[in-house]
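*Asks:* Each chain is listed here by its residues.
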Amino acid sequence: MNNARNAALAATLLLSGNALALEYSKTRYQQTDYFGDFGTNTAAFINPGNITDADQTEVMFGMYSTVNGKAGLEYVSGVFPIGYNHTIGASVFINGATVDKTEGVVDAGSTTWRKDAILLGYGYRVFHWMTLGANVQVLNFNNFGDAKTYPIATDVGVLFNPFQNSKTGFLKIGGSVQNAYQQPGFDNTQNVNLGVHWLGLDRSLEGRAEFSMIDFTGQSQNAWAVGALYFMSPNVALGGKITREGFPMLSFSGNAQRLAIIRYFEIELDISHDGISWEDQKRGLLWNVKLTSRFGPTREEVQGSKRYTRLIREPEEAFQAAMKLYLQRRFLESAYSFGRVVVKYPTYRKADIASYYQGKSLENMEMNAVAKKVYQTGIQNYDASAYVPKYYFQLLNIAYKESNWSEAQNNYNIIASQYKSSDIKSDADYVMGQAYFAQGKDSESRQLLESIGKDDANYGYAQYTLGQIATREGKLEEAQQRFEAVLTRQPRNKSEKDLQEAAAVRLGHVLYSLPQPQLTRALDLYTQVPSNSSYYDEAQLAAAWCFVRNAASNPKFWDDANKHIDNIMDKAPTSILIPEGHLVKGYGQLSRKDCGNAVKSFETVQQMIGKGFLTAEEIQKKTTDYQTATADSSEVMEKVYQLSLQLPSERVLDKRAAVKPNIDRIATAKEDFFKFQDIVNKQKKFEKDKARLEKDATYALATAKKCLESAGTGGTEF
Amino acid sequence: MKHSVSLGFALGLAGLTSAVFAKTVVVPTQYPSIREAFRNVDFGDTIFVKAGVYNENVKLNQGVVLAGENPATTIIDGGRRGPTVLGEAQGEIYGFTIRNGIDGILCENTTPKIHDNIIMDNHGAGIGAYISQPHIKNNVIFGNRWSGILLYGVNAQNVWIENNVIVRNGYSGISALGPGRVNLRNNIFVGNHEYGVFVDKEMDVRINNNNIWHNYYPFNKYAKVNKTNLSLDPLFISASPFSLNLKCKNESPMLGRGEGKVDIGLYDGSTVVPDAGSSSASDEPAASSSESAAPPADSESEKSNTSKNNSK
Chain E
24 MNNARNAALA ATLLLSGNAL ALEYSKTRYQ QTDYFGDFGT NTAAFINPGN ITDADQTEVM
84 FGMYSTVNGK AGLEYVSGVF PIGYNHTIGA SVFINGATVD KTEGVVDAGS TTWRKDAILL
144 GYGYRVFHWM TLGANVQVLN FNNFGDAKTY PIATDVGVLF NPFQNSKTGF LKIGGSVQNA
204 YQQPGFDNTQ NVNLGVHWLG LDRSLEGRAE FSMIDFTGQS QNAWAVGALY FMSPNVALGG
264 KITREGFPML SFSGNAQRLA IIRYFEIELD ISHDGISWED QKRGLLWNVK LTSRFGPTRE
324 EVQGSKRYTR LIREPEEAFQ AAMKLYLQRR FLESAYSFGR VVVKYPTYRK ADIASYYQGK
384 SLENMEMNAV AKKVYQTGIQ NYDASAYVPK YYFQLLNIAY KESNWSEAQN NYNIIASQYK
444 SSDIKSDADY VMGQAYFAQG KDSESRQLLE SIGKDDANYG YAQYTLGQIA TREGKLEEAQ
504 QRFEAVLTRQ PRNKSEKDLQ EAAAVRLGHV LYSLPQPQLT RALDLYTQVP SNSSYYDEAQ
564 LAAAWCFVRN AASNPKFWDD ANKHIDNIMD KAPTSILIPE GHLVKGYGQL SRKDCGNAVK
624 SFETVQQMIG KGFLTAEEIQ KKTTDYQTAT ADSSEVMEKV YQLSLQLPSE RVLDKRAAVK
684 PNIDRIATAK EDFFKFQDIV NKQKKFEKDK ARLEKDATYA LATAKKCLES AGTGGTEF
Chain L
2 MKHSVSLGFA LGLAGLTSAV FAKTVVVPTQ YPSIREAFRN VDFGDTIFVK AGVYNENVKL
62 NQGVVLAGEN PATTIIDGGR RGPTVLGEAQ GEIYGFTIRN GIDGILCENT TPKIHDNIIM
122 DNHGAGIGAY ISQPHIKNNV IFGNRWSGIL LYGVNAQNVW IENNVIVRNG YSGISALGPG
182 RVNLRNNIFV GNHEYGVFVD KEMDVRINNN NIWHNYYPFN KYAKVNKTNL SLDPLFISAS
242 PFSLNLKCKN ESPMLGRGEG KVDIGLYDGS TVVPDAGSSS ASDEPAASSS ESAAPPADSE
302 SEKSNTSKNN SK
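So the sequences go chain by chain: E and L.
Just so we're aligned, residue 24 is where the first sequence starts under the numbering used here, counting upward by one.
Just so we're aligned, residue 2 is where the second sequence starts under the numbering used here, counting upward by one.
What the hints contain is simulated information worked out from the structure, not anything from laboratory work.
Warning: the hint list may mix true and false statements.
[What the hints assert, rightly or not] Simulated pairs of lysine-lysine, DSBU-like, Cα-Cα distance not exceeding 35 angstroms: (1) E:K711 x L:K250; (2) E:K713 x E:K594; (3) L:K262 x E:K329; (4) E:K395 x L:K24; (5) L:K60 x E:K396; (6) L:K228 x L:K262; (7) E:K678 x L:K51; (8) L:K248 x E:K190; (9) E:K678 x L:K250; (10) E:K329 x L:K114; (11) E:K448 x E:K705; (12) E:K711 x E:K698; (13) L:K250 x E:K329; (14) E:K586 x E:K395; (15) E:K477 x E:K464; (16) E:K678 x L:K114; (17) L:K114 x E:K347; (18) L:K250 x E:K190; (19) L:K262 x E:K662; (20) E:K634 x E:K698; (21) E:K683 x L:K225; (22) E:K662 x L:K222; (23) E:K711 x E:K586; (24) L:K24 x E:K195; (25) L:K222 x E:K683; (26) E:K195 x L:K51; (27) E:K662 x E:K645; (28) E:K347 x L:K222; (29) E:K683 x L:K262; (30) E:K329 x L:K24; (31) E:K718 x E:K498; (32) E:K395 x L:K60; (33) E:K396 x L:K250; (34) L:K60 x E:K678; (35) E:K678 x L:K24; (36) E:K662 x L:K225; (37) L:K114 x E:K396; (38) L:K24 x E:K396; (39) L:K114 x E:K395; (40) E:K662 x L:K60.
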């Protein structure tokens, strides 16, 4: 440390050019060779913007000395890159001397002179070609006991990198102002430093030139330095320089990489001799050593790791976003979003699930043809996936919905043979059971549906269909049990609630039809069906018939029956059961000998039967309109499918926007037509009952008319 | 769950349909810039770019081929604004010099094909691939500030990094980091300032028939460099950036020494060679006594090894 303590003295000696001139010179304290050399890259003392060049944590130690020990300085610096654009640095300069009083230099009561500095630097890459930097310095200044202060000063710098390429190399041009601001007591000059640094020929040649205007606001004086270094191999370089103080120096640099935890280590040595300087100051050999070590990950690795962490979450986030859309029943958007997951992240562990829900989204939009493509592609691409049986199940389901029984059978066979232990098997059993039921294959249907256990979500549905089969087969006791099984389960969703309403009506019918009818229980079941149920009209009519059945013994029941008929007319005015309601009303009126109204009721029945709900022309027109509106359905479906597999570029988004009105048009047409078909189906059912109603209404009308005539002549009893 | 996913599967149907209507647009004849051309093409289309310097940052489109007229004279200059080219699933780029970006080509969660380009003088990595499956073939990757190719979490089951010439990059020729799997074959790594090939311990890299020569270090201890790899002077026609031609001379030892008997380094022919694992010899450990064996990792100097090779 003796060398270090003599640094101030040495600095003064060097700068003054007079070995005995021991007067402190503030002018060039920060412009000595040590600061110039040490500060260039790491400490950012000359230009704080320089530190952004460090792409890795860097620690540097520097020492200047003369062999005769007249001067020295020690220096430690650290630089820490943060993210891609930010870098911070810290440096400590130890600079001081203890002077022998016998030299008669001072008479201040103290032999200690210190001027240590702590620097904190920050560099910010504004653009890739420009960096700004700033330092804050705290000075510990003790001038032979005169003062011990901690004033602060700041430096600012800018650095340009006009080019960086293999042909022209890497060029930096920088400018900075030292002590741009300083508190009273800091007591140094304000200096302007300009520098050029070039590295080229595949990093084998390095050149540097610096120019400083010292105390540019006062007694300005200039200093300059140049140097060059040639790498003879990647490890070893030789060069030379002329320092700010005019010393020609020989430079040597050697480096090694990956030395245990040290990623990079470099030693730089500058040597000179006073004898070859412009003016021999009798200080013999001069030497300057810098040791540089780099640790930890590079900016590339840190940035890479962050990017990797972000990207590894990206597929999951995209999947969850798509699922959210799906659960919100925004099926078009979810089809696109799941498609993006499939295409963008093909190795993502849920890509198969994304593909599955892409298909489900399309299926929910009634785009069955392209949904099938998605499932078939999924089977092909994710052949080892647990979702393969689910793909087959969806294919089975579509085939069922389209009444494509052979395709349904094929897909079911695959599930039953290859995936019989899959959790989708019972779903497949149910759907295939339904398919058999729809084909009238009751025994096959029964076999599959009976295999569905009580714990299965399909149990209630299976029991309902089994109840229908039993009813069809005249096994009323079994039917009763099946429907009861549906009703005893707690509904978990609207679909199950609907199922229970249907089961209640069916069970009511069974109880009504028993040799010993259980009308009270049946009535109870019918009246449980709420008015917003699609079974409401049927339940209300059946309830009315329950009263009619006992009205002979209790005429007041006609009023009760009428109330239920009124409920239908009030709450379900378009119901196909209204003609039958009028028939029941007519019977009641007739029983009360309200013959005029009874005639009207029966005539109404006849009129409604005659008119029907829809004419053949209306059905034809509606069908033609639907076919016209959906003529491009396949084409639009295909477009949606294609677009769901294209990543959302600007152009793709435009295309999606363009196809949207067509999707909406087709969806609206389909929805309208499905509602229309429901009416048509009801009409078909109505047509089946038409003959019975007509016969009953004709007979009842004749009776009512007779009643009316009799009333005019004194009455007739029935 | 295991997926048998291969590059380009997902749009099989879409691709076929679109291919029927595929078109080629020309820059700058039809569109003044590459970006403008991308706004007007669809899956299956090709953008042909005539020679010239295009100061743009380009994002590839899915299923669109971006073709340069000549890799030496058709230049995309990223202007240090970001990646010069941003990869996209099933995008393809060839025939360009890609320079002066932060990364030359950046691939994030994507599956592009990158071939027959010169990717040089970028300020980050030449190619940065993160959780991607890029097929990187027949490129010159030269003088980039960071790694020539940085692979992070790449799980390239069915795609290859092959026949590239990766020279004088700031860190390693190729850095394979994070968990994953990569296949390297028939590449040349020369004069990179850290390793020729650097492999993270989590990464499984199959390294066959490459030439790793005169890098600061040839490769690290996790790089399983077997005896099919070489360490020889590739005899480039010219490695000077002023007349860069990194094809090998006729007398180069790289010719016919690659996997499948194709050339190591830039290769004009098709690089359809046997798949990984087809050659049992390729999985054997490196044998330093072999003429063609690569140098040992880290410690031993390449120079001495190369001398040994050349002396035989």
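*Asks:* Give a verdict on every hint.
*Replies:* Evaluation of the provided hints:
1. E:K711 x L:K250: 91 angstroms, violated
2. E:K713 x E:K594: 23 angstroms, holds
3. L:K262 x E:K329: Outside the cut-off at roughly 40 angstroms; violated.
4. E:K395 x L:K24: The hint holds at about 29 angstroms.
5. L:K60 x E:K396: 30 angstroms, holds
6. L:K228 x L:K262: 15 angstroms, holds
7. E:K678 x L:K51: Holds, because 28 angstroms separates the two Cα atoms, which is no more than 35 angstroms.
8. L:K248 x E:K190: 19 angstroms, holds
9. E:K678 x L:K250: 50 angstroms, violated
10. E:K329 x L:K114: 25 angstroms, holds
11. E:K448 x E:K705: Holds, at about 34 angstroms.
12. E:K711 x E:K698: The hint holds at about 20 angstroms.
13. L:K250 x E:K329: 42 angstroms, violated
14. E:K586 x E:K395: Between E:K586 and E:K395 the Cα gap is close to 50 angstroms, so the pair fails against 35 angstroms, i.e. violated.
15. E:K477 x E:K464: Given pair E:K477, E:K464 holds - Cα atoms ~23 angstroms apart, limit 35 angstroms.
16. E:K678 x L:K114: Holds: E:K678 and L:K114 sit about 25 angstroms apart, inside 35 angstroms.
17. L:K114 x E:K347: Status holds; Cα separation ~33 angstroms.
18. L:K250 x E:K190: 22 angstroms, holds
19. L:K262 x E:K662: 45 angstroms, violated
20. E:K634 x E:K698: Holds - the C-alpha atoms of E:K698 and E:K634 are around 20 angstroms apart, at most 35 angstroms.
21. E:K683 x L:K225: Violated. E:K683 to L:K225 sits at ~53 angstroms, over the 35 angstroms cutoff.
22. E:K662 x L:K222: With a Cα-Cα distance of about 52 angstroms, the restraint between E:K662 and L:K222 is violated, given a limit of 35 angstroms.
23. E:K711 x E:K586: 26 angstroms, holds
24. L:K24 x E:K195: Roughly 46 angstroms separates the two Cα atoms, so the pair is violated.
25. L:K222 x E:K683: Roughly 56 angstroms separates the two Cα atoms, so the pair is violated.
26. E:K195 x L:K51: Status holds; Cα separation ~34 angstroms.
27. E:K662 x E:K645: At roughly 26 angstroms apart (the allowed maximum being 35 angstroms), E:K645 and E:K662 satisfy the hint.
28. E:K347 x L:K222: 46 angstroms, violated
29. E:K683 x L:K262: 53 angstroms, violated
30. E:K329 x L:K24: Distance of about 39 angstroms is beyond 35 angstroms: violated.
31. E:K718 x E:K498: 29 angstroms, holds
32. E:K395 x L:K60: 33 angstroms, holds
33. E:K396 x L:K250: 52 angstroms, violated
34. L:K60 x E:K678: Measuring from Cα to Cα gives roughly 19 angstroms; hence the hint holds.
35. E:K678 x L:K24: Distance of about 17 angstroms is within 35 angstroms: holds.
36. E:K662 x L:K225: With Cα atoms ~48 angstroms apart, E:K662 and L:K225 exceed 35 angstroms; violated.
37. L:K114 x E:K396: This hinted pair holds, its Cα atoms lying about 27 angstroms apart.
38. L:K24 x E:K396: 26 angstroms, holds
39. L:K114 x E:K395: 30 angstroms, holds
40. E:K662 x L:K60: 24 angstroms, holds
Checked against the numbered hints given earlier, the structure breaks hints 1, 3, 9, 13, 14, 19, 21, 22, 24, 25, 28, 29, 30, 33, 36 and satisfies all the rest.
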